[in-house]
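Asker: Sequence:
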Amino acid sequence: MLKVHLPDGTEKQYSQPITPRTVAEEIGPGLAKAALAAEVDGKVVGLDFTMPAEAATATADQDVNLRLLTRKDPEALGVMRHSCAHVMARAVMRLFEGVQLAFGPTIDGGFYYDFDLEHSLTEEDFPAIEAEMQKIIDLDEPFERIEQTRDDALKTVRDMDQRYKIEHIETGLGDHGGLSFYRQGEFLDLCRGPHIPSPKSIGAYKLLSVAGAYWKGDSSRKQLQRIYATAFFDKKELKEHLERIEEAKRRDHRVLGKQLELFTINPMVGSGLVMWLPKGAVIRGVLENFVRDELTRRGYQAVYTPNVGRIQLYETSGHYPYYSASMFTPIVMEEDEQYILKPMNCPHHIMIYKARPRSYRELPLRLAEFGTVYRNEKSGELSGMTRVRGFTQDDAHIFCTEDQVEGEFRGCIDMTRFVLDSLGLTDYRVRLGFRDPNSDKYVGSVENWERSQQSLIDVCASLGIEAQQEPGEAAFYGPKADFVVTDCIGREWQLGTVQLDYNLPSEQRFNLEYIGADNQPHRPVMIHRAPLGSMERFIGVLIEHFAGAFPLWLAPEQVRVLTVSEKSEDYGREVLTRLQAEGFRCTGDFRAEKLGAKIRDGQLELIPYMFVVGPRDAEQQTVSVRDRIDGDLGAMSVDNAIAHLRQEIAEKKVRKTYSGSAGLGDRGSANEY
RNA sequence: GCUGGCGUAGCUCAAUUGGCAGAGCAGCUGAUUUGUAAUCAGCAGGUUGUGGGUUCAAGUCCCUCCGCCAGCUCCA
Numbered sequence: 008m009l010k011v012h013l014p015d016g017t018e019k020q021y022s023q024p025i026t027p028r029t030v031a032e033e034i035g036p037g038l039a040k041a042a043l044a045a046e047v048d049g050k051v052v053g054l055d056f057t058m059p060a061e062a063a064t065a066t067a068d069q070d071v072n073l074r075l076l077t078r079k080d081p082e083a084l085g086v087m088r089h090s091c092a093h094v095m096a097r098a099v100m101r102l103f104e105g106v107q108l109a110f111g112p113t114i115d116g117g118f119y120y121d122f123d124l125e126h127s128l129t130e131e132d133f134p135a136i137e138a139e140m141q142k143i144i145d146l147d148e149p150f151e152r153i154e155q156t157r158d159d160a161l162k163t164v165r166d167m168d169q170r171y172k173i174e175h176i177e178t179g180l181g182d183h184g185g186l187s188f189y190r191q192g193e194f195l196d197l198c199r200g201p202h203i204p205s206p207k208s209i210g211a212y213k214l215l216s217v218a219g220a221y222w223k224g225d226s227s228r229k230q231l232q233r234i235y236a237t238a239f240f241d242k243k244e245l246k247e248h249l250e251r252i253e254e255a256k257r258r259d260h261r262v263l264g265k266q267l268e269l270f271t272i273n274p275m276v277g278s279g280l281v282m283w284l285p286k287g288a289v290i291r292g293v294l295e296n297f298v299r300d301e302l303t304r305r306g307y308q309a310v311y312t313p314n315v316g317r318i319q320l321y322e323t324s325g326h327y328p329y330y331s332a333s334m335f336t337p338i339v340m341e342e343d344e345q346y347i348l349k350p351m352n353c354p355h356h357i358m359i360y361k362a363r364p365r366s367y368r369e370l371p372l373r374l375a376e377f378g379t380v381y382r383n384e385k386s387g388e389l390s391g392m393t394r395v396r397g398f399t400q401d402d403a404h405i406f407c408t409e410d411q412v413e414g415e416f417r418g419c420i421d422m423t424r425f426v427l428d429s430l431g432l433t434d435y436r437v438r439l440g441f442r443d444p445n446s447d448k449y450v451g452s453v454e455n456w457e458r459s460q461q462s463l464i465d466v467c468a469s470l471g472i473e474a475q476q477e478p479g480e481a482a483f484y485g486p487k488a489d490f491v492v493t494d495c496i497g498r499e500w501q502l503g504t505v506q507l508d509y510n511l512p513s514e515q516r517f518n519l520e521y522i523g524a525d526n527q528p529h530r531p532v533m534i535h536r537a538p539l540g541s542m543e544r545f546i547g548v549l550i551e552h553f554a555g556a557f558p559l560w561l562a563p564e565q566v567r568v569l570t571v572s573e574k575s576e577d578y579g580r581e582v583l584t585r586l587q588a589e590g591f592r593c594t595g596d597f598r599a600e601k602l603g604a605k606i607r608d609g610q611l612e613l614i615p616y617m618f619v620v621g622p623r624d625a626e627q628q629t630v631s632v633r634d635r636i637d638g639d640l641g642a643m644s645v646d647n648a649i650a651h652l653r654q655e656i657a658e659k660k661v662r663k664t665y666s667g668s669a670g671l672g673d674r675g676s677a678n679e680y
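8 is the number of the first residue of the first sequence in the numbering used here; add one for each residue after it.
Bear in mind the hints are in silico, worked out from the structure with no lab data behind them. The beta-carbon is built from N, C-alpha and C at its ideal position, and this holds for glycine as well. Every clue listed holds true.
Keeping only pairs whose Cα atoms sit at most 27 Å apart, straight-line, the calculated DSSO-like set for lysine-lysine is:
no. : residue 1 : residue 2
1   : LYS265    : LYS659
2   : LYS246    : LYS207
3   : LYS79     : LYS243
4   : LYS448    : LYS223
5   : LYS601    : LYS286
6   : LYS246    : LYS142
7   : LYS223    : LYS213
8   : LYS265    : LYS385
9   : LYS223    : LYS50
10  : LYS385    : LYS223
11  : LYS79     : LYS142
12  : LYS242    : LYS79
Computed Cβ-Cβ distance ranges for the label pairs, DEER-style:
no. : residue 1 : residue 2 : range
13  : GLU384    : GLN461    : 24 to 34 Å
14  : ARG157    : SER278    : 46 to 56 Å
15  : VAL293    : PHE103    : 48 to 58 Å
Using the sequences and the hints given, assemble the complete structure.
Answerer: Right, here's the structure in full:
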């Protein structure tokens with residue numbers, strides 16, 4: 008007997024296998040019509056899925072939890088999008104000759120499909136493809152699931168002459184049970200499914216972009232053409248989605264960085280090499296001081312090391328054999344005297360550790376440095392400040408005993424969270440980068456790896472951090488916990504990182520030791536950590552996070568004194584001098600412009616406070632304070648105004664009031680004024 | 001690095017089928033003396049990313065290189 012449990016608690020019994028569609032029809036015609044897919048025991052399946060999945064023994068009772076999914080359920084959206092991918096692929100095959108299909112999965116925010124075809128797809132092809140998709144949708148042909156044995160499936164894809172599908176079955180898919188196809192009209196695609204019953208519920212779709220992509224991610228293979236697209240159940244949702252994308256693009260740090268004069272990159276200097284303009288340098292300086300204070304509080308010691316090191320240093324560390332491709336070419340003095348621009352700081356810090364014998368009494372030894380490193384990233388990888396060739400890490404290396412690892416690791420995670428929280432950066436995920444058991448790029452013993460991976464898991468669990476484990480994301484010398492954020496166009500970036508390392512201290516590498524209480528040498532463990540990651544990337548992300556509108560404590564220019572007319576310039580200068588003396592970052596706008604024009608300029612430069620001074624203020628020794636967000640706060644004494652700002656700075660107050668857009672030149676949609 | 005797209009004044013963008021490189025903002029000069037998002041006028045600003053080619057004629061067409069953008073691959 009099959010017992011089907013529904014979410015409302017009701018139970019239906021069947022004496023033979025049954026599909027979700029039949030259950031839906033029994034419940035009512037409305038639901039039967041609205042149902043798009045189902046969830047059986049937590050797994051999303053099509054309406055034609057046979058329950059139970061495994062044939063039960065004749066006598067045993069079997070329980071199945073069934074949820075019928077309609078357009079209101081988020082899971083149904085992904086199913087519909089995947090069906091839309093099939094419709095798109097079908098349209099492309101109708102429009103172009105010799106189309107070879109690769110993969111077409113659902114992704115966050117939409118879907119894509121990879122094709123191999125002669126014609127070079129451009130966005131100009133989109134209207135025709137979309138029109139063809141509409142024709143297909145209007146036909147309203149059902150998506151039909153066809154199951155075949157692996158051998159039959161192979162014959163099917165051979166008959167269709169679909170090379171990638173053939174290869175996928177031959178090399179990618181084992182012989183488990185059988186394989187499935189989905190047919191819709193003349194279109195047949197090898198596909199696990201599930202799909203919606205028919206394309207009529209594809210409400211609104213849009214092709215977004217076309218780009219190259221490698222078959223199965225292998226860069227030695229031919230590149231395919233990928234069309235990215237998205238779909239929603241109704242037009243309004245699609246419109247909102249597209250608006251969100253546009254809104255996010257307005258925060259682009261590369262655009263804001265130029266408009267707000269934070270940084271510049273010039274091909275004469277080189278790709279991926281950032282020059283910090285004075286205003287950007289202020290933000291960086293304030294952040295660095297903030298971190299330095301925190302380091303002092305947490306028992307770190309500052310060190311400085313040079314920007315180059317001899318090649319032997321990196322041969323010993325293991326970096327050179329593994330990563331010479333992404334290091335800058337050595338500077339050759341003599342054949343056996345070659346220098347490398349340092350790609351990381353750890354080997355230098357290790358040499359500081361080795362400067363003399365170490366006792367267990369001085370562990371944990373925490374060595375910190377804002378260390379500038381250079382990595383020869385491939386040209387296509389570079390992007391603004393988030394992916395560069397030269398950057399400065401808020402780096403530190405902790406040398407500790409085995410027993411101290413967990414506490415130190417905990418402290419690193421705590422500091423990272425503290426720093427991010429202080430900036431209102433809470434939208435991150437924690438990724439545990441683990442060793443990929445199938446790769447040989449890692450150094451050190453498997454036992455060491457498993458031991459340190461387990462410590463990471465334990466500490467995160469004890470701190471209540473939800474961390475996702477990702478094999479293959481580890482550094483070559485050890486596992487790590489990364490704080491990952493998303494930029495304005497949806498790309499993920501690693502910021503803060505804490506990495507456990509049993510390998511660089513090992514005998515094969517630097518052979519680090521300390522003398523224990525037992526008067527015997529012992530091996531320390533290293534932790535590499537950087538709460539911000541790199542100053543470049545972090546501030547790039549921060550620009551997007553604040554849409555260029557930095558909180559008062561970070562703002563390059565905190566206050567601007569505006570005169571109503573040139574008649575008040577003397578008083579304006581007096582106020583400005585006072586503010587400067589009090590330590591504020593401030594300027595004066597004493598131009599012969601109308602007040603409105605000066606305010607407009609200040610607002611567009613996203614300056615947190617403007618002090619307006621006119622004859623009335625001069626007479627009463629006040630300033631009329633204008634807040635970037637709340638507007639005119641009225642006149643107050645200079646002392647009160649200063650106290651007001653002081654407080655906001657001391658609290659490191661983050662006042663996020665925008666819905667996304669800020670910066671110069673798009674006042675129309677901005678709403679923070 | 002790969003695939004595709006792009007590159008015109010400091011910025012944002014124009015420039016019929018190949019036919020005299022232009023506007024707004026910013027900048028400079030002058031006038032205006034203004035109380036919470038743009039005062040007016042004038043001036044100046046360019047080897048159209050680079051190097052080559054086709055052509056009577058190239059911003060426009062072709063090739064090289066450089067750079068940027070999106071994606072892929074990579075990311076100690």
